[in-house]
Amino acid sequence: DTGVSQDPRHKITKRGQNVTFRCDPISEHNRLYWYRQTLGQGPEFLTYFQNEAQLEKSRLLSDRFSAERPKGSFSTLEIQRTEQGDSAMYLCASGGGLAGGRTQYFGPGTRLTVL
Amino acid sequence: DQQVKQNSPSLSVQEGRISILNCDYTNSMFDYFLWYKKYPAEGPTFLISISSIKDKNEDGRFTVFLNKSAKHLSLHIVPSQPGDSAVYFCAATIYGQNFVFGPGTRLSVLP
Chain A
67 DTGVSQDPRH KITKRGQNVT FRCDPISEHN RLYWYRQTLG QGPEFLTYFQ NEAQLEKSRL
127 LSDRFSAERP KGSFSTLEIQ RTEQGDSAMY LCASGGGLAG GRTQYFGPGT RLTVL
Chain B
-2 DQQVKQNSPS LSVQEGRISI LNCDYTNSMF DYFLWYKKYP AEGPTFLISI SSIKDKNEDG
58 RFTVFLNKSA KHLSLHIVPS QPGDSAVYFC AATIYGQNFV FGPGTRLSVL P
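Residue numbers (our numbering), protein chains in the order written: chain A, 67 to 181; chain B, -2 to 108.
FYI, nobody ran anything at the bench for these hints, they're computed from the structure. In this text, a Cβ means the ideal position worked out from N, Cα and C, and glycines have one as well. It cannot be assumed that every hint is accurate.
[What the hints assert, rightly or not] Here are some chain A residues the structure puts well away from chain B; computed CB gaps all over 10 Å:
id, residue
1, I78
2, N84
3, E144
4, R147
[To be verified] One side of the interface only, derived from the structure: several residues of chain B facing chain A at Cβ under 8 Å:
id, residue
5, S49
6, G57
7, F59
8, F98
9, G101
10, S105
Next comes chain B alone, as it looks inside the complex (with noise of 0.2 Å):
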């Protein structure tokens, strides 16, 4: 049973355009969730985060938007860079325990 889905294996962005990675989950506990990074043979690399009582959250080029009607989450990325193609992960967790990673999305950003 899967708790966080990521149902894009891969997305391909121009550079400069508008990314866009979704996260579904289906546990209505869940109170906190990350977005990861990760590049190949190295630890995910932590992004941005929201709490469940919010809706967005912001940091520099990364918006993170939480719908807990629809239980979905997506990572905006603007403008993208070709140093942002890794691999995104979706995180969520109750009380910071027991965190529970969605597939990931491979992100290729073209120059």
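Pulled out of the complex, with its shape left as it was, chain A reads as follows (with noise of 0.2 Å):
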């Protein structure tokens, strides 16, 4: 399978945890992106890399989240000091390069739950 993966697909976490999602791209593709979801809504950007530089984070990304793209392929997402309205889907999604153009192709997602 050569789709973006991410894991683990399920995290439940007690409040002021900190947890760390991994994912990993189509590997043609340079771009990396991450959303969080939640119930009802569209996916809401989070942060995107281009390689391994990080060029975007959105406002809602605070000082508790950090991601990394260490080498240009996988990335990780830590939330740091969880809370419950951290609950959500967090969705990886990948595109660019030759192969994926201007669209992007997303992951299974990893589902929080904080307690």
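Take the two lone chains, each set in its own frame, and fit them into one complex as the hints suggest.
Right, here's the structure in full:
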């Protein structure tokens, strides 16, 4: 399977704990995006990388959120001191490069539940 | 400020008929538009896209129409099938950077 993969698929944590999610994009794509989606809403943009450079961050991304893409391949999204309001589906997408163009393709998502 | 709007939260259509999903946007700088389909507990699946320099793009049963002067696009599905029942999201982007999504329309295709 050469699609976008995300790990874990589900995460349950207690308020105040740190969590980290991983995304492996389609290998030919140089852009990688993170989104958050809550029930009844469309995906909300969080941040985007072109290769290893983080080019844009949403105002939604508080100081507790950090994302990295150290070698321009996989990416991690860390949430520190989780709050109940962080409960959501976290989606990763990739695109760009010769193969991806301006279309982005999503992974299956990581569902986070903060108790 | 919602830059991409889908004003119909839900739509029901009989199998075999046409489904028309609508989307409006406010930012005239958007140069590329996409439609995604989403099933529960899965990530959105790309369906079809259109560049701002075109007014129509067709792929099998799916056609997207773009009316730039009205800042409106629509997705037509003909004929509709029960497997098309899902939530459909409209998205827009400038140069493939920040993608902005609408809130979605839930399509139900009735057998």
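Going down the list of hints, with the structure as the test:
no. : hint : verdict
1   : I78  : holds, 15 Å
2   : N84  : holds, 24 Å
3   : E144 : holds, 20 Å
4   : R147 : holds, 26 Å
5   : S49  : violated, 11 Å
6   : G57  : violated, 16 Å
7   : F59  : violated, 14 Å
8   : F98  : holds, 3 Å
9   : G101 : holds, 5 Å
10  : S105 : violated, 16 Å
Hints 5, 6, 7, 10 from the earlier list are contradicted by this structure; the remaining hints agree with it.
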